[in-house]
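These protein sequences, in sequence, are chains A and B.
Residues 1 to 302 (my numbering) are what the first sequence spells out, left to right.
Residues 1 to 302 (my numbering) are what the second sequence spells out, left to right.
Please keep in mind that the hints were generated in silico from the structure rather than gathered at the bench.
A few of these clues could be false.
Below, a list of computed lysine-lysine pairs in the PhoX-like style, where the Cα atoms sit at most 20 Å apart [as the list claims (entries may be wrong)]:
1) A:Lys294 with B:Lys213
2) A:Lys162 with A:Lys185
3) B:Lys185 with B:Lys213
4) B:Lys294 with A:Lys294
5) B:Lys294 with A:Lys213
Which chain A residues stay away from chain B? Per the calculated CB distances, all over 10 Å, these [unchecked claim]:
6) Thr59
7) Leu67
8) Gly82
9) Leu98
10) Thr155
Among chain B residues calculated to face chain A with C-beta under 8 Å, some are [claimed, not checked]:
11) Asn87
12) Lys185
13) Arg257
14) Tyr290
Glycine included, each C-beta is placed from N, C-alpha and C at the ideal position.
Protein chains: 2
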Amino acid sequence: MTILAVGSIAFDTIKTPYGEANDLLGGSLTYFALSASFFTDVNLVAVVGEDFGDAQMQTFKGRRIDLQGLERADGKTFRWGGEYSQNLNSRETLFTELNVFDGFRPKLPDAYKKADIVFLGNMHPSLQESVLEQVEEKRLVGMDSMNLWIDITPTELRSVLKRVDVVKIDDSEARDLAGVYNLRKAAAAVQGLGPKMLIATRGSHGAMLFNAKDMFSAPAYPLEDEQDPTGAGDSFAGGFFGYLAQSSTIDAATLRRAMIFGSVMGSFCVEDFGTRRLERLTFDEILARYRSLKELTQFEDA
Amino acid sequence: MTILAVGSIAFDTIKTPYGEANDLLGGSLTYFALSASFFTDVNLVAVVGEDFGDAQMQTFKGRRIDLQGLERADGKTFRWGGEYSQNLNSRETLFTELNVFDGFRPKLPDAYKKADIVFLGNMHPSLQESVLEQVEEKRLVGMDSMNLWIDITPTELRSVLKRVDVVKIDDSEARDLAGVYNLRKAAAAVQGLGPKMLIATRGSHGAMLFNAKDMFSAPAYPLEDEQDPTGAGDSFAGGFFGYLAQSSTIDAATLRRAMIFGSVMGSFCVEDFGTRRLERLTFDEILARYRSLKELTQFEDA
Chain A
1 MTILAVGSIA FDTIKTPYGE ANDLLGGSLT YFALSASFFT DVNLVAVVGE
51 DFGDAQMQTF KGRRIDLQGL ERADGKTFRW GGEYSQNLNS RETLFTELNV
101 FDGFRPKLPD AYKKADIVFL GNMHPSLQES VLEQVEEKRL VGMDSMNLWI
151 DITPTELRSV LKRVDVVKID DSEARDLAGV YNLRKAAAAV QGLGPKMLIA
201 TRGSHGAMLF NAKDMFSAPA YPLEDEQDPT GAGDSFAGGF FGYLAQSSTI
251 DAATLRRAMI FGSVMGSFCV EDFGTRRLER LTFDEILARY RSLKELTQFE
301 DA
Chain B
1 MTILAVGSIA FDTIKTPYGE ANDLLGGSLT YFALSASFFT DVNLVAVVGE
51 DFGDAQMQTF KGRRIDLQGL ERADGKTFRW GGEYSQNLNS RETLFTELNV
101 FDGFRPKLPD AYKKADIVFL GNMHPSLQES VLEQVEEKRL VGMDSMNLWI
151 DITPTELRSV LKRVDVVKID DSEARDLAGV YNLRKAAAAV QGLGPKMLIA
201 TRGSHGAMLF NAKDMFSAPA YPLEDEQDPT GAGDSFAGGF FGYLAQSSTI
251 DAATLRRAMI FGSVMGSFCV EDFGTRRLER LTFDEILARY RSLKELTQFE
301 DA
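Let's have the full structure, built from the sequences with the hints guiding it.
Okay, structure coming up:
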């Protein structure tokens, strides 16, 4: 089972109350792919610049990540800088240099056109839709987005939403997209735009899955030592879709387990700067935290 | 089994994005007592003024609430006014008139001096401690507090914390009390001050129980129609301690069920202004929502 994942690879400069780091390998697709590759094969479509070297390639090597779709363009790789508030729940963007990502037109290698799951990372909705045009066979389509696209490309966003099964955004984005504050009403409105499912992530408060009429609340693992939340949502998505990709059936129970694996992967991501924690993570640690989340939430009937 | 509960009764004026209401029966003890009385007998110690009439008394009548400890003083009842933000997670106090509550010195009727559970509502920690001085027998002591006392009476607060088993405050108050942002570290610091257990409520994000080394995350029920969050935390406490009071044993599993009953009662409170929803609530509705919270959070082993 394979995921086709399209999105951004970047160099990140990050400041949090717990430290700072420059030129970390980042970008939503990097986190997604590293996370999903613990569960399934990932075919990666992205663009990097001339400054993307062996050190960065090493991060992907030796994992279930195929790099045939990694395009190398003239110029510099996408760069982003951000600084987090004390509670890590909000951040300020210090700079965004799109560089080669500005001209990115995703082009799928032939081998990528049949995928089990397609994941459209956060980018211009027209680019997301152009990926779907190239896909010949798929079982499920997931997508991410952000306030920028909700605000400036509402028509294009609605067009791609009609063609996806799962949209993963944070709860405030879901509210903005729906134009209604109540999260249940917002979920119903988003589902009315096309996706059968909405995953509304809530940072350190966990995430909600709205699947047709079914609701599931996944807890966040209460970390004792947060370092950097960058990429946590993308790591969540990697765990969620990665687990689904390797599942023979996708029913309500599978989706709930996938949400927990999502929460597990998001929580590990926050434990160190950039991708460092994901890089040294083991599958045994993933399973142990899954069990911890079960222990954290179980209670008996009244 | 009986709870002795001491705290404030007030008239509230409330504005939310969904409406407004004047001179509602409120105060933390009112919500606590109404909520707890679905589970157990509540002996209530509070003060009201001359403006507290039959209409208000009717709210308590016909319930498992004993009013022998309700003192009537010369003057007006405590009045509070507040206005909530769009997301209901923050509010601005419009006015506070302590009135008769300013001179409140809790005095327990003899019949109240043996209690199963003692709940010290949010008030000056010296008043809380004066209640404990009067209690002759108890199984468990719970308390609430707020930023005001954390800031202006830290010594008195620490004195009472040494004598209680459970402190229920919101997560930001727990962080302030501990002087550390991370919630797990804050919980350990609060436990180091005396209480074996910390309940950190998180508004629409649920609540956490830190019980010795055990952690439990209780979800919030995702409401489709919030109206007014006033009293939700007090209703949570009423459900939690009310359920414990009627339990023959208080072990880890009992405490988790109590957290869920707390979340259930808090969620109902928000469905209408003031105490209106609690007043028309049935125990069957409570049990149905308990089951809904179980359905909302259950997932299988990996």
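Item to check | Hint check against the structure, violated hint numbers in rising order | outcome: Hints that this structure does not satisfy do not exist here, as all of them hold.
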